[in-house]
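Respectively, the protein sequence lines represent chains W and D. In terms of the numbering used here, the first sequence is residues 1 to 200. In terms of the numbering used here, the second sequence is residues 1 to 428.
Just so you know, the hints here were simulated from the structure itself, not pulled from any lab data. In this text, a Cβ means the ideal position worked out from N, Cα and C, and glycines have one as well. Worth double-checking, as some hints may not be accurate.
To be verified - Among the chain W residues that face chain D by a calculated CB cut under 8 Å, a handful are: (1) Ala56; (2) Gly103; (3) Pro107; (4) Val108; (5) Leu114; (6) Pro187.
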Amino acid sequence: MRCPELAPQCAGAVGAPLLLATAIALATCVPALAQGPTYGLGRTPSAEEIRAADTAVAPDGTGLPPGRGTAKEGAVVYVQKCAACHGPNGTGTALHRGVIPLGNAKPVKLQGSLVPYATTVWDFINRAMPWTKPGSLTADEVYAVTAYVLYLNDIIKESDVLDAASLPKVRMPHRDDFIPAQPAWKPGARRQFGNYPERP
Amino acid sequence: MGSHPRSDSGSPPRTLARWGEGRRRFLTGAGALAGFVMGAIRPVRGQTPAPAAPYEPQGFLAYGQPSKFASHIVRRTTGRPTAITDTALMTPLQDLDGIITPSGLHFLMDHTNGIPDIDPQKHRLMVHGMVDRPLTFTMEELKRFPSVSRIHFLECNANSRPLRGPNRESVQLIHGRTSCSEWTGVLVSVLLNECGVQQKASWIVAEGGESNKYTMSIPLAKGLEDVIVAYAQNGEPIRPHQGYPLRLIVPGSEAIRAVKWLNRIHVVDKPYMAWHESGNNADTRPDGKGMWFRFELGPKSVITRPSGGQRLPGPGFCEITGLAWSGGGMVRRVDVSTDGGRTYQEAELQQPVLRHAHTRFRFPWRWNGEEAVLQSRCTDERGEVQPTIEEAAKILNATIDYFYQADHFNGIQPWRVARDGSVTNALP
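Sequences and hints are given; from them, build the entire structure.
Okay, structure coming up:
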């Protein structure tokens with residue numbers, strides 16, 4: 001039995017009587033073995049590096065930065081930075097999809113489409129828009145444009161203020177219409193579209 | 001060095017044969033390594049010529065290309081010519097054999113604004129979040145880990161959507177959003193073990209390094225099972241359009257989860273509901289419910305020869321061949337029908353049959369010159385069977401037209417052979 005990398009707690013047992021040392025080593029190294037060896041490769045990133053890279057936003061609002069915006073403010077940004085592709089009224093242009101409805105529900109079109117959380121809209125605008133210069137919007141601008149897009153889809157009011165506290169609370173129209181209700185995966189589980197006719 | 005061919009000796013232009021001859025002599029010379037170093041010295045104009053550089057094969061010789069008579073075997077699209085984004089380029093399945101898709105013919109479906117040009121020296125993969133030791137890896141470090149090479153298909157969730165109009169007479173344009181490669185890299189489980197995943201973690205969020213940072217959530221259990229951080233495709237570095245220098249390969253899953261240009265794995269306790277995994281890739285059922293996070297693709301097969309748009313020269317023997325695959329694992333059997341599904345017979349599967357890989361099937365057939373409808377049916381290791389379009393419609397309580405706009409269609413594809421030998425799509 002090989003302890004792939006001597007853990008600090010194993011090293012502490014070195015001076016003890018052999019039997020005890022073996023017992024401790026076994027007790028402390030077994031979980032490490034179960035997890036497999038480590039190879040000592042890679043470098044620890046600084047907290048600042050992680051902060052800079054970690055821009056994704058979760059449905060509960062984890063990752064949302066400070067800032068605020070309303071649909072009224074967002075309309076101004078939209079004209080400057082979004083309308084060229086998404087059209088003056090949000091209904092799209094010849095080459096680009098509109099922002100009404102959001103997303104791409106198909107084949108059945110739905111109001112607000114199948115976007116489950118308002119954070120999804122914020123996150124996508126923040127990471128991918130404007131298409132030609134992603135990441136160039138300030139946090140306030142992202143909150144404002146998100147508010148404007150949600151307003152255009154009749155999901156919030158023009159005067160509603162979106163910020164890190166209020167955005168995750170916005171209720172998307174089809175939030176409860178997903179199958180399965182909670183995404184999940186298990187090895188070997190039957191697929192949702194499953195229910196395939198069994199072979200005769 | 002005396003035997004090494006010299007470019008300044010007035011010798012005739014090198015041909016392939018001459019290059020081969022020179023190379024053989026070079027390799028049997030006094031020492032290949034010494035010769036290489038000497039050869040790096042370049043001749044200076046007006047001086048006694050220094051020993052010539054080793055012959056550097058150019059173009060076709062440096063990197064082989066298909067015959068000019070095979071130049072029609074290319075990716076094609078039904079997309080708009082001006083929009084690269086969200087436009088699929090499809091693999092010419094009808095012209096390929098075996099199970100491996102040549103890298104240059106792998107299908108493309110990009111959700112990005114231009115293909116990033118990433119310097120591997122500068123590329124990093126950060127693994128962080130609910131781990132004991134967040135770590136950043138260089139490409140060099142990733143290649144030092146124990147590696148795996150596995151053959152897996154990637155299939156776009158929009159693949160096989162039935163078509164109407166002229167494009168429906170092409171297996172490439174209907175089914176060509178699937179390709180199969182040998183992927184080499186490090187298992188995600190190895191990297192996560194290096195970082196020490198914490199008890200409460202249940203998902204990983206993968207992010208790409210392109211300008212708009214494509215994101216996908218993948219269940220941790222799947223990540224630990226068989227997901228690969230791949231740096232090579234079919235033996236060479238992954239092509240830029242396929243994610244150079246690093247791509248996440250999620251075996252059996254819809255290819256939208258195979259994040260290209262991978263530079264971050266965030267270990268978390270919930271899916272992040274990124275744009276391309278929720279709103280943009282959820283299908284609505286006829287009742288308006290959204291189907292999302294479907295991960296594994298259904299059992300599927302398609303006859304690639306004979307297929308739509310082809311013509312049999314005349315009655316007689318004609319092997320039927322095609323591909324089968326399943327997100328559920330291994331293909332267990334493929335049955336072929338030549339009478340539109342009234343009767344089926346088992347096809348031969350090319351060995352080895354691999355999990356989450358294209359499986360080549362072959363079926364001997366003698367065409368008697370009468371009208372025939374050819375179709376194949378896949379059964380996977382779970383016993384799930386590829387449905388006909390009518391059966392699929394019944395499962396979803398939908399009309400057949402529904403599948404002409406939906407994703408994840410895995411219905412049986414019939415091809416009709418007319419008496420004149422022409423092959424057309426026999427779907428409604």
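Right, here's what the structure says about each hint:
Given the 8 Å rule on beta carbons, the hint for Ala56 (chain W) holds: about 6 Å separates it from the nearest Cβ of chain D. With a least beta-carbon distance of about 3 Å to chain D, the hint placing Gly103 (chain W) at the interface is held under the 8 Å criterion. Because the smallest distance between the Cβ of Pro107 (chain W) and any Cβ of chain D comes to about 4 Å, under 8 Å, the interface hint for this residue holds. Taken as an interface hint, Val108 (chain W) checks out: its beta carbon lies about 4 Å from the nearest beta carbon of chain D, inside 8 Å.
Hint on Leu114 (chain W) holds. Least Cβ distance to chain D is approximately 4 Å, under the 8 Å limit. Hint on Pro187 (chain W) holds. Least Cβ distance to chain D is approximately 6 Å, under the 8 Å limit.
In the structure shown, no violation is registered for any of the earlier numbered hints.
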